[in-house]
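Asker: Using the sequences and the accompanying hints, generate a full structural model.
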Amino acid sequence: MQTIKKNTNRKSKARKILSMFLAVLMTLSVFTLGVSAAGLKKLDLAFVVDTTASMSDDIYQVKEDMKVYLNDLKDAGLDFRIAIVDYRDFASRTGTSRDYPYCVQLDFTSDENAIINAIDSLTLGNGGDGNETIYSALIDGLNKLSWREESGKASILMGDAPALDPEPFTGYTAEKAIDTLKNGLIASESVRYSAKAKGAVALEDKKRSQVTLFAIATSSNSSTIRCFNTLSEGTGGKSYVANNSSEITEIITEIIDEIPEIVQDNELSFWEKIKKFFRIVWYVISFQWGKI
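Be aware that the sequence shown starts at 1, since it is given in this note's numbering, and climbs by one per residue.
No wet-lab data here; the hints were simulated from the structure. Some hints could be false.
Said to hold, decoys possible - For lysine-lysine, the following DSS-like pairs were computed, each having C-alpha atoms within a straight-line distance of at most 27 Å:
(1) 41 / 74
(2) 144 / 238
(3) 74 / 63
Here the structure is a predicted model, which is why all the values come from computation and not from measurement.
Answerer: Given below as structure tokens:
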């Protein structure tokens, strides 16, 4: 009987020690998570560009404005990286071998020379009919990029034609593209650290995975404008219409001002972090308690 009592006391002490340890550990976790938004510090930005033949009157201005954006990001003091994905159409549909649904021209980098070289290397293909493989670029192309888990994530779409919807061969739709940008990119390492705590970190993972889309329609085609509006608004971004190539510069400047605020808003809020924290505490304590 005395032995049983001693074992019970030991378990009680062990539980108290565990509780104290977890309390300290989880309190420190709150400060690690951060208690307020300090503004956007890291940005991964992917340009998604239409390089079909119909862009011949805009592609030069698009290239120049991408370079201007690069300089403005440097001036803003952001820890930024740039990636470039272009899209056309399936070669089997256009009959032109140089066409493709999408191509990653540059994975994320902060190397200015590499970025400028990739921009200058953009060439035009054919593209066939009016609608293009935008969804392949947004779903497959962006998923191939090496996004940083902790960064703000944004993409600027530039083109003059709407998406193929549904897209042939892939079956991709606007709904699928929006869902992928909001929830499907970059699985966080934290979500895999414990099967027990998976539910607790799922919210953070989805927030960190979101890519906000800004779309610039370089034509006044109503179908293009409607398509770009749907995609950008579905991810919490904005869409713009450039009626001529000179307006692209003004729009890029506006996006520069918008990105830090809008992209930051897609990160976990203070109260979401607090809720996440308490859910983790509950999962961990419940799991460890049963082992004593």
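Asker: Hint by hint, say whether it matches the structure.
Answerer: Hints, verified against the model:
1. A hinted pair counts as satisfied when its Cα atoms are at most 27 Å apart, and residue 41 with residue 74 qualifies at roughly 12 Å.
2. Distance restraint check for residue 144 and residue 238: the Cα-Cα separation of roughly 24 Å lies within the 27 Å cut-off, and the hinted pair is therefore satisfied.
3. Among the hinted pairs, residue 74 with residue 63 is consistent with the structure: their alpha-carbon atoms are about 17 Å apart, no more than 27 Å.
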